[in-house]
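Use the sequences and the hints to build the structure in full.
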Amino acid sequence: MEKQGLKQGIILTLPVLAGYLFLGASYGMIMQSNGHSLIITQLSSLLIFAGALQFAAIPMFLGAFHPFSAMLLALLVNVRHLFYGISMIPRYTYRHIGKFFQIYTMADEAFSIQSSLPEDTSNKTYLLIGVLCYSYWQIATFAGFLIGSALIKQIEGLDFVLTALFFVLFLQRWEHKPSRTYLSVGACATTFSLIFLPKSQFVLFAMVLILMVILLEYRSKENRR
Amino acid sequence: MTQYQLLTTILILSLVTMSTRFLPFIWFKDRKLSPWMQFSTQRIPLASIGMLMIYGLKDVTTLSVTAIFMQLISLILIAIVYKISKSTLWSLAIGVSVYLLVMNI
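Taken in sequence, the protein lines are chains V and P.
Every letter in the first sequence is one number past the one before it in my numbering, and letter 125, counting from 1, is 125.
Every number in my numbering is 225 more than the matching position in the second sequence, counting from 1.
Heads up, some of the hints might be wrong.
[Claimed, not checked] List time: in silico EDC-like cross-link candidates among lysine to aspartate or glutamate, alpha-carbon distance up to 20 Å:
| hint | chain 1 | residue 1 | chain 2 | residue 2 |
| --- | --- | --- | --- | --- |
| 1 | V | K99 | P | D255 |
| 2 | V | K199 | V | D159 |
| 3 | P | K283 | V | D159 |
These are calculated hints, taken from the structure and not from any lab test.
Below, the structure written as structure tokens:
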């Protein structure tokens with residue numbers, strides 16, 4: 001039973017494994033070539049565990065010490081987690097340490113897979129998916145630092161697997177007709193923001209747009225009552 | 226930056242990231258949801274998946290023309306295979322393999 005759960009978890013996270021090996025190894029290699037120690041490199045992956053932010057912070061690690069800019073950068077890059085958290089509240093029902101790790105490992109990839117599972121999925125499965133993704137990232141960072149990502153880097157475009165993963169999980173939701181409205185709202189708001197706003201702020205703006213659309217629908221429903 | 230400052234920066238990034246992950250769980254703990262919150266929390270999960278789909282494509286403009294074209298072809302292929310097989314794993318495997326093959330030959 002346990003073994004089967006693990007097997008299912010690994011199958012579910014296979015695309016993440018491929019994508020993380022590539023990105024994590026690239027991160028490890030860049031940190032190494034920038035002259036950082038293995039301890040600092042691995043600590044950043046262990047403590048931050050947010051790929052986009054870790055890459056965005058690379059120039060910051062080389063510059064002067066700016067605690068406030070660090071805060072702002074992390075907030076802007078990761079503000080999207082707020083939406084993931086709101087989505088997972090009814091699903092993460094573990095208590096204490098189990099729940100801590102469910103939330104701690106809630107990255108884009110873990111969230112996208114977890115939220116595609118049926119509502120009655122066990123907490124063990126959610127935790128397993130999070131912990132597997134976290135482990136892949138750690139192993140990839142470590143490997144990238146030690147052996148360099150030259151080997152993996154030779155496969156051009158491997159990070160496309162994560163883009164494809166998000167796309168196919170979107171398609172899966174699209175099958176359910178009533179879901180289409182808000183899948184489109186999310187996609188359109190983000191596309192609009194991406195076109196008209198700087199890359200550092202578009203996610204925040206997309207989230208505000210989405211909330212505004214929801215608010216408008218809420219108001220119009222209230223008025224009809 | 227000194228090693229001590231570097232470590233502090235990592236800790237700041239970690240704490241802010243953690244707060245973006247933990248905040249909703251802390252905020253809504255044992256709290257009765259208002260009608261507006263109930264309404265919005267039913268819609269945010271779907272909007273997030275739509276957002277994430279586009280987020281995955283955000284760096285597409287930095288790629289070569291061939292890569293952009295091939296990503297488009299692969300995504301269409303994924304959609305077709307998914308429509309037929311209803312299998313996320315199969316459609317991913319086929320779409321990504323085609324992309325990787327073309328890009329690495």
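Here is how each hint holds up against the structure:
For the hint pairing V:K99 with P:D255, the CA-to-CA distance comes to about 15 Å; that is within 20 Å, so the pair holds. Our distance criterion of 20 Å between C-alpha atoms is met by V:K199 and V:D159, whose separation comes to about 19 Å. Between P:K283 and V:D159 the CA atoms are separated by roughly 13 Å; this keeps the pair inside 20 Å, and the hint holds.
Violated hints are absent here; each numbered hint is respected by the structure.
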